[in-house]
Amino acid sequence: MKRVDTALGLLVPAILVVIVGVLAATASRANEIHYLSALVAVAMVVAIYVFVGNSGVLSFGQISFVAVGAFAAGVLTVPSQSKSFVLPDLFPFLRDTTVGNLASLGIAAAVGGAFAFLVGMPLMRLSGLAAGIATFAVLEVTHNLLREWTSIGPGATTLSLVPETTDALQATLGALAVVLVAWLYGLSRPGRLLRATREDAAAAQAVGVSVHRQRLGAFTLSGVLAGFAGGLYVHMLGSITTEQVYLELTFLTLAMLVVGGIASLWGAVVGALAVSGLDSLLAKAEDGSFVLDAPSGTRLVVVGAMMALVLVLRPAGITGGRELSLPRKMSE
Amino acid sequence: MSLVAAVDAQTLVDAVGLGAVYALMAVGIGLVFGVLRLVNFAYGQLVMAGAYTLAFTSAWPAAASIGACFAVVLALSLALERSVFRPLRTQSPAVMLVTTFAIAFLLQSVALVLDVRDGTIGEAARSLGGLNQAVSVGGVDVRKVTIVAVVVAATALGLLALLLARTTIGLHMRAAAADFRTARLLGVQADRVIGLAVLLSGLLAATVAVILTVQSPLVAPDFALKETIFVLVGVVVGGLDRLWTATLGGFAIGFASGVINGALPTDKTVFLPSAVFALVILVLLLRPAGLFARGPAVERV
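As they're listed, the protein sequences go chains A and B.
Under the working numbering, the first residue of the first sequence is numbered 897, with each subsequent residue one higher.
Under the working numbering, the first residue of the second sequence is numbered 16, with each subsequent residue one higher.
In short, the hints are calculated from the structure, not lab data.
Even glycine gets a Cβ: it sits at the ideal position worked out from N, Cα and C.
Just to be clear, a hint being listed does not mean it is correct.
Stretch by stretch, here's where chain B covers chain A in the computed footprint (C-beta under 8 angstroms, at least three residues) [what the hints assert, rightly or not]:
hint	region
1	973-982
2	1034-1043
3	1061-1068
If you only want the chain B side, here are some residues facing chain A, beta carbon under 7 angstroms, derived [unchecked claim]:
hint	residue
4	89
5	102
6	112
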């Protein structure tokens, strides 16, 4: 029955993702974006979970990898004939290279992973508060560079003309791929070693686990997945600014992870879908197209309040940080 | 133009004023960290709430307006302590950090909803506007509010030092900051110590709100956010474990950014945040234990 539970840990999240994907495919043009954002949110939150959930080390910096992934994929797919007008200051190799949709997603993942590896090498020695503040500093540096350095991107202006290729199929497959990788990692030897360091770092070290190496591995994998999610994100939006991959997205994705339950893949998926769903309903309420008519800004207040409430009342999240399993009676 | 030549007396005076404000915020953050081991990301939003109170009451007499600001900020700090910090006291630092992050976001979104700009908000805290006038001291124009900031900061820090050094509750607070569990075993009342720390921290936030609102009357939901981020950096670099190093760190980063912003043209300062935060990462890497924890980075069992 243990094996059934292990399989359920992949199957149920995958089924949820597919259901949302089918809804996206059949929804009207106006509603499709809500389902697509939910799927991209699943990819981002699961990417964050791979590091934060498995290691127990808090990171405010994973959205940096989403940001570099999004801008790498975006800058490289802007049609070449308009590129020299909209992005005049680019480095020549960025200006002269234009790649297809799938290649750009791969590059986004690679750039995210490489950046995470470089940042993680020194940073993974930290834990607790120091890690939280240092990763926050990474987010600040990334945002500042992307915003001011016009040789690598659009700077403070909007990057537009990015092909909108993230449709229901791509978003679903992308989210599924991220969930699958996270699930496989959780089952793998490195995943188990890392969770051992989460439970008791000293004991894990005593039996020969290198905390630094395991954390760095997960941080890099998380960077790969986050960069990939960033690629999906930019191809969903079609245009993006650095402000869209900064504090608010960091907050929202962390809120999703914490609300769902920080320590399990199931929690990450549930949190992403639940908060996205609520967020979309409130957004519709704000523009008056849902039963309630809420003033604008309510969305953020409710999401913030919900996150604070869950943290105070149930710090382990809705799922209690456990993976999905059959009820005790059935599994015996 | 060399950097030294560009730093004139004017820049230095302004930088000291900024440093004083940052030092006040650093003490507010450091006090709460001492007893709760909690880095309060939402501290800037307390200041922001105070600033909004001043803006909403801008038609009132100055004293009443300032009184309202103190009342709102103190009430908000105590409410936060009661409803959020207290239940989470036993949780890990990471959970507490995320929670204050959530509170910061919540307060900011509330401000966004309240900030309707239908004429109820005075753009400037008019009743206090007089403080913005400059007086000339030895050829250097000093805004009155800068003098107020420096005097208030010096007085507040002096009083706080007396409180911590000379009173029983101050002794309790220092004991709690050194080792909370042992202090409790020896009869220090946790709720009183934490309550007082939060109260003092709220007082400082309200003071900062008044000073900042006079300096930059345009109140927005992200009021004091940039300042808070810089102060957090300062206290981390200075060392959060001791209140005085944290305060010094806060003052130093305020003074330094004042000098740099005054001395360098704008197009040279766009990458300043990157440099500052890269420095933070470096400090954290070189001295992680000395700054946050009193032991090796990996806790022993």
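Return the status of the interface hint for residue 102(B): holds when the least beta-carbon distance to chain A is below 7 angstroms, violated otherwise.
holds (5 angstroms)
Stated coverage of the region 973-982 of chain A by chain B [criterion: 3+ residues, CB within 8 angstroms]:
violated (count 0)
Cβ contact check, 8 angstroms cutoff: the region 1061-1068 of chain A against chain B, three residues minimum:
violated (count 0)
Any CB of chain A closer than 7 angstroms to the CB of residue 112(B)?
holds (5 angstroms)
How does the region 1034-1043 of chain A fare against chain B when you require at least three residues with a CB closer than 8 angstroms, holds or violated?
Coverage by chain B holds for the region 1034-1043 of chain A (5 residues, Cβ < 8 angstroms).
Going by Cβ atoms only, is residue 89(B) closer than 7 angstroms to chain A?
violated (20 angstroms)
Of the numbered hints stated above, those contradicted by the structure are hints 1, 3, 4, listed in ascending order.
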